[in-house]
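Novice: Each chain, written out:
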Amino acid sequence: MGKIKSAVITAIVVLATLALFLFGVVSCDLSDGVHRYNSMLSNIHLGSEFSGDAFTTLLPEGVITSEEYSFTVVENDEKAAEYEEKYVATASGAYYVERDLLSSFGAGSDEAAFEALAKQTASDADIISARFAVRGYTSYSVGVVDGCAIKVSVPTNFTYAAYSGVDTSSVTGEITYASNAINYLTQGGDLTLRNNTRSIGEWDDVSSAQAADEHATTTYNIIDSRYDISDIISGATFQSGGGVYAVKINLTKDGMEEFERATQAVASSDDTYVRFYVGETNIINLTCESAMTESSFYIQAGDEETARNYAALVDSVAKGNVLAAVYEFDEVIYGTSSSGADAAMLTAIAALVIFAALAAYAVARYRALGAVFSLVALLFSSVMIAVVYLTGVTLTLAGVFTALLTFAAFAGCNFWAYEAVRRETLEGRTIPASVKLGYKKTLSGILEIHIVLLVISVMLALIGAGEVAACGVILLIGTLASYVLYWFARFMWYAVMSPARDKFKFCGFKREAFEDDE
Amino acid sequence: MNKLNVSSKMHLFIIVSALIVAVGLAVGLVCQFVAGGFFGSGAGYASYKSVTVKYSLPATYDEVSGICEEIFEENGVGYYTAVSAENSGGDQIEYRFTASTDGDALKAAAEGIDEQVGIAAGLLGSASYSENEGRFGGTDDMMYAGIALAAAVVFQFVYFAIRYKFTMAIAAFVADLHNLLIFLALLAITRVQISVSVVAVAVFAVLLTMVCCGMLFDKMRKNFKQDSYKSMPSFEQVDVSLGEAFKPVTFVNVVLASAFVLVLVLGLFAGAGIFGLFMPCAAGVLAVAACQYGCLFLTPAIYSRLKLRADKHAASKVSRYSGAKKAADTAE
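If you read the protein sequences in the order shown, they are chains G and P.
Each residue of the first sequence is one higher than the one before, counting from 3 in the working numbering.
Each residue of the second sequence is one higher than the one before, counting from 349 in the working numbering.
Everything labelled a hint here was simulated from the structure, so no lab data went into it.
Some hints could be false.
Said to hold, decoys possible - Rough simulated footprint, nothing fancy, chain P against chain G, three-plus residues with beta-carbon under 8 Å:
| no. | region |
| --- | --- |
| 1 | 58-69 |
| 2 | 94-100 |
| 3 | 329-336 |
| 4 | 346-355 |
| 5 | 412-421 |
| 6 | 452-464 |
| 7 | 468-476 |
Unchecked claim - Some chain G residues near chain P, calculated using beta-carbon distances under 7 Å:
| no. | residue |
| --- | --- |
| 8 | A21 |
| 9 | G145 |
| 10 | V146 |
| 11 | V147 |
| 12 | D148 |
| 13 | K153 |
| 14 | S340 |
| 15 | S341 |
| 16 | A400 |
| 17 | L449 |
What the hints assert, rightly or not - Quick list of simulated restraints, FRET-style, between CB atoms:
| no. | chain 1 | residue 1 | chain 2 | residue 2 | range |
| --- | --- | --- | --- | --- | --- |
| 18 | G | E259 | P | V506 | 43 to 49 Å |
| 19 | P | M491 | G | D31 | 46 to 52 Å |
| 20 | P | V371 | G | A114 | 49 to 55 Å |
| 21 | P | M491 | G | W205 | 41 to 47 Å |
| 22 | G | C30 | P | L367 | 40 to 46 Å |
| 23 | P | S436 | G | V76 | 17 to 23 Å |
| 24 | P | G426 | G | V28 | 35 to 41 Å |
| 25 | G | R369 | P | K570 | 26 to 32 Å |
| 26 | G | R369 | P | V371 | 43 to 49 Å |
| 27 | G | G244 | P | V364 | 52 to 58 Å |
| 28 | P | K573 | G | A18 | 37 to 43 Å |
| 29 | P | G591 | G | I453 | 23 to 29 Å |
The beta carbon of each residue, even a glycine, is placed where N, CA and C say it ideally should be.
Chain G with its partners taken away, still in its complex shape (with noise of 0.2 Å):
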């Protein structure tokens, strides 16, 4: 390759690379004083160890926090009396429970209903937690408060931007679906399917207490009372394809004929929609155009998380895990990573440190062929950010650490290949000749360990849940990057090392020194 040739590559890669690279890593105000540019790096989803999580408190009915019985008590004479008679204070005091909620147990002391509560409560977090787990948060929590009460936290999945407060935007969108997620995740009550129409229903629960309610529509359910809903349906799964979000509800062979005659009244009545019903809250509707004879059908969503959502909770309730409580709650918080408020700041800088040593290492022991390396794992280290960005992949702790075994990987098979070559280069083998067959000699255990990589992340992704699925995920992406990048490097040692006198000096290789040289 010629000089002139050479140099136009080289310039290319390198303005290409940093240019990449400043995108990916760089937010700065824009000249506007308004606007921001926030780098790719920052516009990534982190998890909870990085971000924080979204949590609040539910609270059964009959329950109410120390502040607002303080405040009460404090504020008001004339119901501070009615208070202390009402309310029993749990052990730590931080909340206060309805005498008539513990006498609801039968246990005869305070004492045994107090643990009763503990029991029941317990019992829901486990129901709550589960639904949890199928809604495919990287990290969640579900923990009994004092015995009366559950904390919820989930991910907020905030970007970096948003976390340190330079996205406003994305936040509010962000704790939406958390709030959303954790609305209809610990939804109390039976699943019933719903129809407005008085002639094909029955009368149950839920209509008498939407007869109540002046605001409230009343709806009857639609499946014969002999039968559970566990017998009509036999779960419900999240699905999605080209842009369309699903639930997938699944029925029984009784459900199938059970489902046929209710569609069939539902599709030729003035109200054809069957609603799906936990509790008093309608989750999903379901439009019945005709009788439905399928042993499955989908239910369409406005979006994902959405979908996932009804999935996890209509899976739950028609498996028969019904919540014991009616459970509320005031606001969804988000609040500083519990792993520490600088926890991602600090994280990137031990990334970069690991970045900077290993192209100090290349450099000391490659000079210039270092500095190539240098300048493809920069390539490379952009590249993972833009696809992690891109693909929309929660970036965890664990998630940073794939992506550096990726980068170590990366590292280790460019070096792999360039001792091979200074191996042939002390054969007494010229520079290319040494590269070609060094080169050749590594090529078949880098693409084994790259082919290993590529199935186990696949099997990761596809298999795995949560984390782990998103670690095969950047798994997945960093291996096909190191492959791709690995020959881009060697490609790039070509072209910069051209116009080198002495190639042997560039690439910091000794040539052997023969008797006849002497």
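On the provided structure of chain G, position chain P as indicated by the hints.
Specialist: The following block gives chain P in isolation, referenced to the frame of chain G:
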């Protein structure tokens, strides 16, 4: 060629591994009955105690946190992390304490803080103490991670058996199991707290083992084809090849370990700033250590025995096939 004499020390490595696993098992079992868990339960699933302080203007974060720090110190309790958040009524800080912290001291501290930031102090704030019992909800995640991992290990076994040799596939399979066991034992011994991230690190440990075994056996496969190796005894073949693969495998492990260590070191400077990263990173260091030891010491030692048997078997087959007796009979 560097030569590491590990092949002849298989018994030593087995004893070391067995000791580590036995100690891990013992510590885990003791903790199962005494501390309520074979492993330490960590973020996400952890039970903890907390003091939540709510406040609004004119109280500021610095003012409130200053009051809290002072009162915690007076009551002799120390929190491991604090989460600050904004709610509709103002702000709040949740101080989290380990489940073993004295509840009475925390209750007293909460009451002390409430007196200073609460309605009585004219700040309309409040402080409350509560106990949070974590519920483990990651069973499905762990099951799927386990299935994915098992599938990956089976894939590696089949791939090695086809691409390399059956004995290498067995050795790599043993390495996967061994390293995972050592990693779990080290988790039990060091009481590193289990969280979703640590589960992911376990997956990482097996993955790393696969990569390292791939590098190691690829080197051996190539070397064994050379004439210079064919004249060596089995143990020496393995040891010399190991000497050549030692550097690249160690390089990958060092890069990864340094990433974990670096976050730990940054954690020292940041104090509680990155508390939550400490345990996964500590687990990461343990995973790399298990992998380095398992792949570069125990696995070659086991493989050398398998190779010795395989070589003897192959030699006996050859001698049976071209035996002198048969040749003589034919000549007669």
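Novice: Hints first: check each against the structure and report whether it holds.
Specialist: Status of each hint after checking the structure:
no.: 1; hint: 58-69; in the structure: holds (count 3)
no.: 2; hint: 94-100; in the structure: holds (count 4)
no.: 3; hint: 329-336; in the structure: holds (count 4)
no.: 4; hint: 346-355; in the structure: holds (count 6)
no.: 5; hint: 412-421; in the structure: holds (count 5)
no.: 6; hint: 452-464; in the structure: holds (count 8)
no.: 7; hint: 468-476; in the structure: holds (count 6)
no.: 8; hint: A21; in the structure: violated, 27 Å
no.: 9; hint: G145; in the structure: holds, 4 Å
no.: 10; hint: V146; in the structure: holds, 4 Å
no.: 11; hint: V147; in the structure: holds, 5 Å
no.: 12; hint: D148; in the structure: holds, 5 Å
no.: 13; hint: K153; in the structure: holds, 6 Å
no.: 14; hint: S340; in the structure: holds, 5 Å
no.: 15; hint: S341; in the structure: holds, 3 Å
no.: 16; hint: A400; in the structure: holds, 3 Å
no.: 17; hint: L449; in the structure: violated, 10 Å
no.: 18; hint: G:E259 - P:V506: 43 to 49 Å; in the structure: holds, 46 Å
no.: 19; hint: P:M491 - G:D31: 46 to 52 Å; in the structure: holds, 47 Å
no.: 20; hint: P:V371 - G:A114: 49 to 55 Å; in the structure: violated, 43 Å
no.: 21; hint: P:M491 - G:W205: 41 to 47 Å; in the structure: holds, 42 Å
no.: 22; hint: G:C30 - P:L367: 40 to 46 Å; in the structure: violated, 56 Å
no.: 23; hint: P:S436 - G:V76: 17 to 23 Å; in the structure: holds, 21 Å
no.: 24; hint: P:G426 - G:V28: 35 to 41 Å; in the structure: holds, 39 Å
no.: 25; hint: G:R369 - P:K570: 26 to 32 Å; in the structure: holds, 28 Å
no.: 26; hint: G:R369 - P:V371: 43 to 49 Å; in the structure: holds, 48 Å
no.: 27; hint: G:G244 - P:V364: 52 to 58 Å; in the structure: holds, 55 Å
no.: 28; hint: P:K573 - G:A18: 37 to 43 Å; in the structure: holds, 42 Å
no.: 29; hint: P:G591 - G:I453: 23 to 29 Å; in the structure: holds, 26 Å
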